[in-house]
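Undergrad: Now for the letters of each chain:
Protein chains: 2
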Amino acid sequence: MHEADHEAAGGSRRPNFVTHLECGMTGARLEAGRVHGLSPDGWPILVRYDLQAAKARVDRDAVWARGGGFWKWRELLPVREADNVVALGEVDTPLVSVGPGVWAKDEGRLPTGSFKARGLAVAVAMAKELGLTRLAMPTNGNAGAALSAYAARAGLSATAVCPDDTPEINLRETALQGAEVLRANGLIHQCGAWVKARAEEGRWFDFSTLKEPYRIEGKKTMGLELAAQWGWALPDVIFYPTGGGTGLIGMWKAFAELIELGWLDDESRPKMVAVQAEGCAPIVRAWKAGERHAAEWKDATTVAMGIRVPKAIGDFLILDAVRESGGWAQAVSDAALLDARARCAAESGLLLCPEGAACLAAYEACRADGRVAASDSAVVFNCATGLKYPMPEVTTRLDLNS
Amino acid sequence: MHEADHEAAGGSRRPNFVTHLECGMTGARLEAGRVHGLSPDGWPILVRYDLQAAKARVDRDAVWARGGGFWKWRELLPVREADNVVALGEVDTPLVSVGPGVWAKDEGRLPTGSFKARGLAVAVAMAKELGLTRLAMPTNGNAGAALSAYAARAGLSATAVCPDDTPEINLRETALQGAEVLRANGLIHQCGAWVKARAEEGRWFDFSTLKEPYRIEGKKTMGLELAAQWGWALPDVIFYPTGGGTGLIGMWKAFAELIELGWLDDESRPKMVAVQAEGCAPIVRAWKAGERHAAEWKDATTVAMGIRVPKAIGDFLILDAVRESGGWAQAVSDAALLDARARCAAESGLLLCPEGAACLAAYEACRADGRVAASDSAVVFNCATGLKYPMPEVTTRLDLNS
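Chains A and B supply the protein sequences, listed in that same order. According to my numbering, the stretch in the first sequence is residues 41 to 442, in order. According to my numbering, the stretch in the second sequence is residues 41 to 442, in order.
The hints are simulated quantities; they were obtained by calculation from the structure and are not laboratory data. Being a predicted model, the structure only gives us computed values, none of them experimental. A portion of the hints provided could be inaccurate.
Since the list can't tell identical chains apart, any single copy or any two copies may satisfy a pair.
Here are the computed lysine to aspartate or glutamate pairs in the DMTMM-like style, where the Cα-Cα straight-line distance is at most 25 angstroms [unchecked claim]:
#1 K351 - E208
#2 K338 - D439
#3 K351 - D123
#4 K311 - D99
#5 K328 - D339
#6 K351 - D439
#7 K311 - E241
#8 K236 - D439
#9 K328 - D355
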């Protein structure tokens, strides 16, 4: 193991402050150190820590000075044995200025080129720690790629079931990294039902979004990392592309944990804005209607495949966080996000993914209508490298002999 | 400017130790702070620093503790004014274990997804500092993308002249980031001649590899960063994909500077291995023949476009460094590099670019024939994200209704 990896992994034994797990809906207590999917009541599970003990024993600046990207937050992650850490060269993702008062957090710099690395690295490490060997999930692309790479690294078997129209590059990278890839004639929730049925037959463990407790812990490192980068404070507003919503839920959990740890010098939490596409906006509809759950969106369609999620199992956790933060849910058109993508590339030199561009378009709309003031600081999450997505053709030809 | 960018930029004024420039062939002295292309004798130009003054005033560990990726090495870079620094979220690229004793330095994590960011960021910053406004270059892909992004960020105009068969993704990202992109009916050296002719007419400044003095300074940060990551020492062997060779030359320059600074605890320098493709191996041919210059390779062909460079203007600097290091030049077949790429992805979870895979294939061949011992530590440079390159199709279909 390389020095930096070893340092982040924490030597052979990691101090661990996990006390228990609990049902995200009822709060019912569940035992740590055992395999869990959804709670007995069928809801996503959250991991709980003894944060007062961590507060007494862990120094925030010593943690932030470590190498190893998101693995540096080991006292706030569930992995117990350093040998179970699965590392592929994680880095802290940079904040890139994309306008006055607005920064893109460029998650495309992570292994496999997307924020999915955070969640899947931790989930795969926990699968290894708990003795699972065969993992499967439905995926629109980036999650499958991250699962495949980390499972290969960990020596576990992985299967990705993908809608027919999943981007070709995602299918190919996922397969090349060792996973079984199946192109299926259905949308992601239909693929999920197929995976679930076979999980119940014992063919594999169901690794779907929020159907195991640990992906959210990996995603929460976006919030921890952002706080440290911001000088142990937080921006005024966060625009987050919302499909399954694990990252938004995870960041909101991270902010609460940071406050309990006393690690924030300024405990003001950001307004959380859940960004969706007009062609698939179940959370926006539910937020506007004042509902706690979001009904399935029919005939979902958008170029931003990562947020083409008609039904999110963690809908109530997303909507709770958005409301508690004083934020909102907002939909943008495909035309607006593609326009924001092109302008950001040409003016700022940063190529966003469509989902990241949706956040920038949402930010711009809010600056225009006053929901975000000129004095507000904002962060938009660019959840993947822009290189994985279609770009306009280049037609200008030059005859060197002319 | 974000805090981390500002810190790396060094406030408004950067301590700068540049004394002069010099011809890379004759050593003839040239004045700093003025626009230079090639030396008056037609050779690449190198930047020289007062390293004894830097040694007295700069602390290596304080430098390494900074944020800002390669911009952190500001005392060893030529940019004088912090306002001229052009930043897009640079990170230190990770070392990822890809076998016992061998690590891939994953340059795909940089802005625009390749090591070209290092050289072009510094070259564009210097163009801005020296008052150049219109830049042009021939490119097989990644250099054009980096030029485009950093020039957009700096507010400069950029033109990329690309061989017809440049990968579609490179053409498109370069154009989307604001550069003029011209698809031309010729190879890279023919595109270069066309750019040069128009530079002489005053249409733009010729930004070709090694035809301005600063790209090599950016590339040299690969060597500085590697030394710091390695605990102020260096691995036994470095495998480097060699097209124009700027990175190999730059790293060799970095190692000499680190020794003069007294920053290496172990001053043993690595054997430098210049890796090329069998279908385009001018440096390998010259190395074997004991020549100091490498004649143009006819009918160059390889899937590794980044090293499809038939004629390198810095050939003598590459060959000098390889020989001085006790290293060698080595060619691998396209079949071998594609095989190494697939195995590394499936076994280690890391998707290499073809040029990085060529280095891994070369390393494996050297372990097999004993040129590299089991006890040797080796680093292979993965010069770009593997996502930009073709991957095998996925054909496995699943009928959810069956």
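Undergrad: Under the constraints set out in the numbered hints, which ones does this structure not fulfil?
TA: 3, 4 and 7
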